[in-house]
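Undergrad: Under the UniProt record's numbering, the first residue of the sequence shown is numbered 1, with each subsequent residue one higher.
If you're looking for bench data, these hints aren't it; they were derived computationally from the structure. All C-beta atoms in this analysis are idealised placements derived from N, C-alpha and C, irrespective of residue type, glycine included. If a hint is listed, it holds; no wrong ones were tucked in.
Derived SDA-like pairs (lysine to any residue); straight-line CA-CA distance at most 25 Å:
1. K25 with S58
2. K235 with A200
3. K255 with S236
4. K95 with I84
5. K47 with N178
With beta-carbon atoms standing in for the labels, derived distance ranges:
6. Q251 with T183: 25 to 33 Å
7. G116 with K68: 46 to 54 Å
8. K259 with Y98: 56 to 64 Å
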Amino acid sequence: MELTPKQQTIELIKQAQTILVTTHKNPDGDAIGSLLALGQSLSAIGKTVTMVCNGEISALFSFLPHLKDIKSTLDGGREFIITIDTTQSSEGELKLGYKHDKTAKKLSIVVTPSRGLLRKENVSFSSNLPHFDAVIALDVPDIERLGALYDDYTQIFFETPVINIDHHASNDHFGKINWVDLTATSTCEILVSLLESMSASNNNTKLLTDDVATYLLTGIITDTGSFQNASTTPKSFTVAAQLVGAGARQQEIIKRLFKTKPLTTLKLWGTVLSNITLEANPPCVWSAVSIEELDAVGATPAELTGVIDELLKSTPDVDFALLISERRSPTNGNTLHASMRAIAPSVDVSALAHIFGGGGHTQAAAFEQPRAGNLHEQTRTIIDSIKKEYTRSTRPLELPSDDDLSLDS
Numbered sequence: 001m002e003l004t005p006k007q008q009t010i011e012l013i014k015q016a017q018t019i020l021v022t023t024h025k026n027p028d029g030d031a032i033g034s035l036l037a038l039g040q041s042l043s044a045i046g047k048t049v050t051m052v053c054n055g056e057i058s059a060l061f062s063f064l065p066h067l068k069d070i071k072s073t074l075d076g077g078r079e080f081i082i083t084i085d086t087t088q089s090s091e092g093e094l095k096l097g098y099k100h101d102k103t104a105k106k107l108s109i110v111v112t113p114s115r116g117l118l119r120k121e122n123v124s125f126s127s128n129l130p131h132f133d134a135v136i137a138l139d140v141p142d143i144e145r146l147g148a149l150y151d152d153y154t155q156i157f158f159e160t161p162v163i164n165i166d167h168h169a170s171n172d173h174f175g176k177i178n179w180v181d182l183t184a185t186s187t188c189e190i191l192v193s194l195l196e197s198m199s200a201s202n203n204n205t206k207l208l209t210d211d212v213a214t215y216l217l218t219g220i221i222t223d224t225g226s227f228q229n230a231s232t233t234p235k236s237f238t239v240a241a242q243l244v245g246a247g248a249r250q251q252e253i254i255k256r257l258f259k260t261k262p263l264t265t266l267k268l269w270g271t272v273l274s275n276i277t278l279e280a281n282p283p284c285v286w287s288a289v290s291i292e293e294l295d296a297v298g299a300t301p302a303e304l305t306g307v308i309d310e311l312l313k314s315t316p317d318v319d320f321a322l323l324i325s326e327r328r329s330p331t332n333g334n335t336l337h338a339s340m341r342a343i344a345p346s347v348d349v350s351a352l353a354h355i356f357g358g359g360g361h362t363q364a365a366a367f368e369q370p371r372a373g374n375l376h377e378q379t380r381t382i383i384d385s386i387k388k389e390y391t392r393s394t395r396p397l398e399l400p401s402d403d404d405l406s407l408d409s
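With the hints as extra help, turn the sequences into a complete structure.
TA: This is the structure we're talking about:
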């Protein structure tokens, strides 16, 4: 009988000793919660764990223990090693030099032995890439969402078995093992079941500690909008109750995420709310914030977490909400990041995000676009494209009239 994705995951974890655990860039609460929970649990059963997340982690999550254990990139891997076998070139020193052809954009490394000759079979190449027995990607719909980790260390993801654990309908099943549960409201919800099985197969080692339960409840609370999203299920409440029973610090989570805001965040929210635009056809609300506006209040993009939910609270009788924020990119120029939320039950914002290469859930989705030209004009183009697609996708089916129908058809 074929093993289920959960059983395959447990078996690969048993066999692996060194494990890379990662999540999508610019992580939300579900990403951070699942990363910390699984990383700490794997360490508890004797695994050597490296946790990596590319991008800025919001200060909202600074209350979570061991947050500083998460690295922004891997150690090593940037050195390209050239090994020369000098056995056949006789004894003597090697003279090293280089020639840089700036026109052709090529660098030639010149190695000259004092005696004898070097042949191409005497030269080999390698890198100091770190080794892992397994990679576990959490809350990642597609592998490119890993950001620079995947771009810089692509070889690791090709050479190492990848376990893909997620709950997004847009997940493209990039792993060797794909545990994608569309009925789960968060990746943290899925991990509760995994940790129970890991505990049972490791002499009932207690994995749902107070801290781990707090990580997981943080992810569930953030991805369900504090259980306010329509996608919240009875299982969400059941699992949350289980985590509170295991020691999750629910009141601390609520206080830190919803009742405590830095002054810069409050100023940023004021900027976003003052930029609100209400569209009539279709009924939607959107706002945009530029890098200059972020800098003016001393805020970071990570502080935008939760702002779009404030848009929903502030504007009734709309079908969906959109928040666009400009973000710096150290390599490819600035980008526009868009977060979307559905309000009307019939709206699928993941389909709207898909036209820009994004994705997510029916009620919450996101996409990115390279920054190009005038910010206002580009934002207007994005809004118009979304409105056009929304109108097209919700247009009623035109049925033929009685005059168009005949018995011969």
